[in-house]
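Taking the hints into account, I'd like the entire structure generated from these sequences.
Spelled out, the chains give:
2 protein chains.
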Amino acid sequence: MKLGAIEAGGTKFICGIGDEDGKVLERVSIPTTTPDETIGQVLEFFRSKEISAMGIGSFGPVDLNKNSDTYGYITSTPKPHWAQYNLVGEIQKHIRVPVAFDTDVNAAAMGEMEWGAAKGLDSCIYMTVGTGIGVGAITEGKLLHGLTHPEMGHILVRRHPEDSFAGNCPYHKDCLEGMAAGPALEKRWGQKGIELADRPEVWELQAYYLAQALVNYILILSPKKMVIGGGVMKQEHLFPMVRQQVISQLNGYVQHSQLTEENIRNYIVPPGLGDNAGLCGALALAKTLKH
Amino acid sequence: MKLGAIEAGGTKFICGIGDEDGKVLERVSIPTTTPDETIGQVLEFFRSKEISAMGIGSFGPVDLNKNSDTYGYITSTPKPHWAQYNLVGEIQKHIRVPVAFDTDVNAAAMGEMEWGAAKGLDSCIYMTVGTGIGVGAITEGKLLHGLTHPEMGHILVRRHPEDSFAGNCPYHKDCLEGMAAGPALEKRWGQKGIELADRPEVWELQAYYLAQALVNYILILSPKKMVIGGGVMKQEHLFPMVRQQVISQLNGYVQHSQLTEENIRNYIVPPGLGDNAGLCGALALAKTLKH
Ligand SMILES: Nc1ncnc2c1ncn2[C@@H]1O[C@H](COP(=O)(O)OP(=O)(O)O)[C@@H](O)[C@H]1O
Ligand SMILES: Nc1ncnc2c1ncn2[C@@H]1O[C@H](COP(=O)(O)OP(=O)(O)O)[C@@H](O)[C@H]1O
Ligand SMILES: [Zn+2]
Ligand SMILES: [Zn+2]
Numbered sequence: 013m014k015l016g017a018i019e020a021g022g023t024k025f026i027c028g029i030g031d032e033d034g035k036v037l038e039r040v041s042i043p044t045t046t047p048d049e050t051i052g053q054v055l056e057f058f059r060s061k062e063i064s065a066m067g068i069g070s071f072g073p074v075d076l077n078k079n080s081d082t083y084g085y086i087t088s089t090p091k092p093h094w095a096q097y098n099l100v101g102e103i104q105k106h107i108r109v110p111v112a113f114d115t116d117v118n119a120a121a122m123g124e125m126e127w128g129a130a131k132g133l134d135s136c137i138y139m140t141v142g143t144g145i146g147v148g149a150i151t152e153g154k155l156l157h158g159l160t161h162p163e164m165g166h167i168l169v170r171r172h173p174e175d176s177f178a179g180n181c182p183y184h185k186d187c188l189e190g191m192a193a194g195p196a197l198e199k200r201w202g203q204k205g206i207e208l209a210d211r212p213e214v215w216e217l218q219a220y221y222l223a224q225a226l227v228n229y230i231l232i233l234s235p236k237k238m239v240i241g242g243g244v245m246k247q248e249h250l251f252p253m254v255r256q257q258v259i260s261q262l263n264g265y266v267q268h269s270q271l272t273e274e275n276i277r278n279y280i281v282p283p284g285l286g287d288n289a290g291l292c293g294a295l296a297l298a299k300t301l302k303h
Numbered sequence: 013m014k015l016g017a018i019e020a021g022g023t024k025f026i027c028g029i030g031d032e033d034g035k036v037l038e039r040v041s042i043p044t045t046t047p048d049e050t051i052g053q054v055l056e057f058f059r060s061k062e063i064s065a066m067g068i069g070s071f072g073p074v075d076l077n078k079n080s081d082t083y084g085y086i087t088s089t090p091k092p093h094w095a096q097y098n099l100v101g102e103i104q105k106h107i108r109v110p111v112a113f114d115t116d117v118n119a120a121a122m123g124e125m126e127w128g129a130a131k132g133l134d135s136c137i138y139m140t141v142g143t144g145i146g147v148g149a150i151t152e153g154k155l156l157h158g159l160t161h162p163e164m165g166h167i168l169v170r171r172h173p174e175d176s177f178a179g180n181c182p183y184h185k186d187c188l189e190g191m192a193a194g195p196a197l198e199k200r201w202g203q204k205g206i207e208l209a210d211r212p213e214v215w216e217l218q219a220y221y222l223a224q225a226l227v228n229y230i231l232i233l234s235p236k237k238m239v240i241g242g243g244v245m246k247q248e249h250l251f252p253m254v255r256q257q258v259i260s261q262l263n264g265y266v267q268h269s270q271l272t273e274e275n276i277r278n279y280i281v282p283p284g285l286g287d288n289a290g291l292c293g294a295l296a297l298a299k300t301l302k303h
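Chains as they are written, first to last, in this note's numbering: chain A, 13 to 303; chain B, 13 to 303.
The set of hints was computed from the structure by calculation and includes no laboratory data. A virtual CB, placed ideally from N, CA and C, is assigned to each residue, including glycine. Incorrect hints may appear among the rest.
Unchecked claim - One-sided excerpt, in silico: chain B residues whose CB lies under 7 Å from chain A:
| hint | residue |
| --- | --- |
| 1 | E152 |
| 2 | K154 |
| 3 | E163 |
| 4 | M164 |
| 5 | H184 |
| 6 | L231 |
| 7 | P235 |
| 8 | N263 |
| 9 | H268 |
Said to hold, decoys possible - No farther apart than 20 Å at their CA atoms in a straight line, the calculated lysine to aspartate or glutamate pairs in the EDC-like style are these:
| hint | chain 1 | residue 1 | chain 2 | residue 2 |
| --- | --- | --- | --- | --- |
| 10 | B | K78 | A | D134 |
| 11 | A | K154 | B | E152 |
| 12 | A | K78 | B | E152 |
| 13 | B | K78 | A | E152 |
| 14 | B | K61 | B | E32 |
| 15 | A | K78 | B | D134 |
| 16 | B | K154 | A | D134 |
| 17 | B | K154 | A | E152 |
| 18 | A | K154 | B | D134 |
Now the structure itself:
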């Protein structure tokens, strides 16, 4: 049985065909331009692919409330042409299969739980540190939703005493995303993240903010695994720094064998699915429709 | 069918008998001294009460992992005599009915969802601001657990620019509890909360910290209702101040009709069960055993 998957991002839509074991059989990347153009190409890709269900993980904010008139819409995005766009509706008008829809990061969390770093667990978070910071969560075996979907990338953080950068979130200035997403790094230091690789002070600060967020996620959600991906995390030396800071900021308050110097490297980890986390996540969403 | 309930607190154990509609038929308050003495009186109360199940909401930290050797224990509490105490085991040795066990605040969240301010919803948080700050959460219809139980009272907060109080959490100094629980208020201002009622600067600061925590809970958990109780919240004028601060700190980022000037008073609310939230919560836990 073939499943369809779309990882709908602000720069590109990755579309794929896969199976119920998370194996990607075919994939294509389509630039995100206008809805007409992009979705036209997406539909073209899926034409005559004979899929039985579709999963979509999308950039947001999105409306996930099934009782809402705008369920399946991308809602208030600043991205030109895409605000109030009926993504699920447009897809389903042309591809007549059941569609499961969630945020890109919730999808990735599902993928990591089905086939990746959180396999076999009933709780985890998936965080991406890229152009923005987004986090998806599974608690008690289910994707976490509530009033809306979580927006954990915007939590308020305390600033590092030596950091005078104002922050660049248009809503909160110095929230987590405003201080630690890729564009914040670039604005604070005047160079792209990849060019800052050998400046320890950059990553010291970065680890401080990311760890602070993880500490709050631990205290609030108590996830069984924390998976962190996205462009900025390609700086692999960040992982040990973040882990160290998490331990020091928690200061022994939460006692668990995972939160020790020896074991934390198995608790805060890169995606088991690598750059396929998003697409496999959409596959995992599609798979939920078959039960 | 009668149910037993225990709200096990650091100062007192409240024991009660109730029914499946959350009606408390009988209750008694027993001082928390030594386990022998306190639990002796608890057992005395329940003797010959013919209950069919028991719910216990306890101060913590507690071990809630059913696969653990110390399931049902109060674990690393600084409270003399109670660390590593097998609470559920001792009760069950003498009262031979099924026991449901959780944190005091998780129990209260259950009670508020069954019969209180969050009735009919599948997600809420219950926060107490008293001697400590504790929060219980229900997400997607289930009590939130993970690696351990959440410890949201200790999240890291940014300090108010005019606040020079060092904070009094033994683990983190200026975490939320260290800045905003009853004892922090008393230490910062030199008087008990109740005596500070007419000093606006006290509550300005207090609202700032509580709102900051609520903003992060909204961004991370997206609860459908936030119920706040505990001694400090007896200062009822705090509610409008906290609501106002939540709106201003979120700054329009999460768009939902509940998060507007008109509706937020129905979103951030005192316990529907008043001072019975804890005991009714334990009843609600007991009730879960009957399905
Ligand atoms: N190797 C790298 N080291 C540090 N930063 C990087 C690296 N690669 C990409 N980035 C930064 O990550 C951001 C892009 O994140 P990415 O996850 O690739 O895309 P998106 O978030 O748009 O899906 C940019 O700000 C970029 O500068
Ligand atoms: N009316 C009040 N106004 C302000 N603070 C209060 C009031 N009543 C109690 N407190 C404070 O609340 C704390 C006790 O909280 P409470 O919820 O009653 O007990 P506990 O948290 O121990 O169960 C104390 O620090 C006390 O000073
Ligand atoms: Zn922000
Ligand atoms: Zn603390």
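Structure-based check of each hint:
1. E152: holds, 5 Å
2. K154: Check passed: Cβ of K154 of chain B comes within 4 Å of chain A, closer than 7 Å.
3. E163: holds, 5 Å
4. M164: holds, 5 Å
5. H184: holds, 6 Å
6. L231: Cβ of L231 of chain B sits 5 Å from chain A, so the hint holds.
7. P235: This hint holds: P235 of chain B lies near chain A, its Cβ roughly 5 Å from the closest one there, short of 7 Å.
8. N263: holds, 5 Å
9. H268: holds, 5 Å
10. B:K78 / A:D134: Within the cut-off at roughly 15 Å; holds.
11. A:K154 / B:E152: holds, 7 Å
12. A:K78 / B:E152: Holds: K78 of chain A and E152 of chain B sit about 14 Å apart, inside 20 Å.
13. B:K78 / A:E152: Holds: K78 of chain B and E152 of chain A sit about 14 Å apart, inside 20 Å.
14. B:K61 / B:E32: holds, 16 Å
15. A:K78 / B:D134: holds, 15 Å
16. B:K154 / A:D134: holds, 13 Å
17. B:K154 / A:E152: holds, 7 Å
18. A:K154 / B:D134: holds, 13 Å
Hint check: no violations occur; every hint is consistent with the structure.
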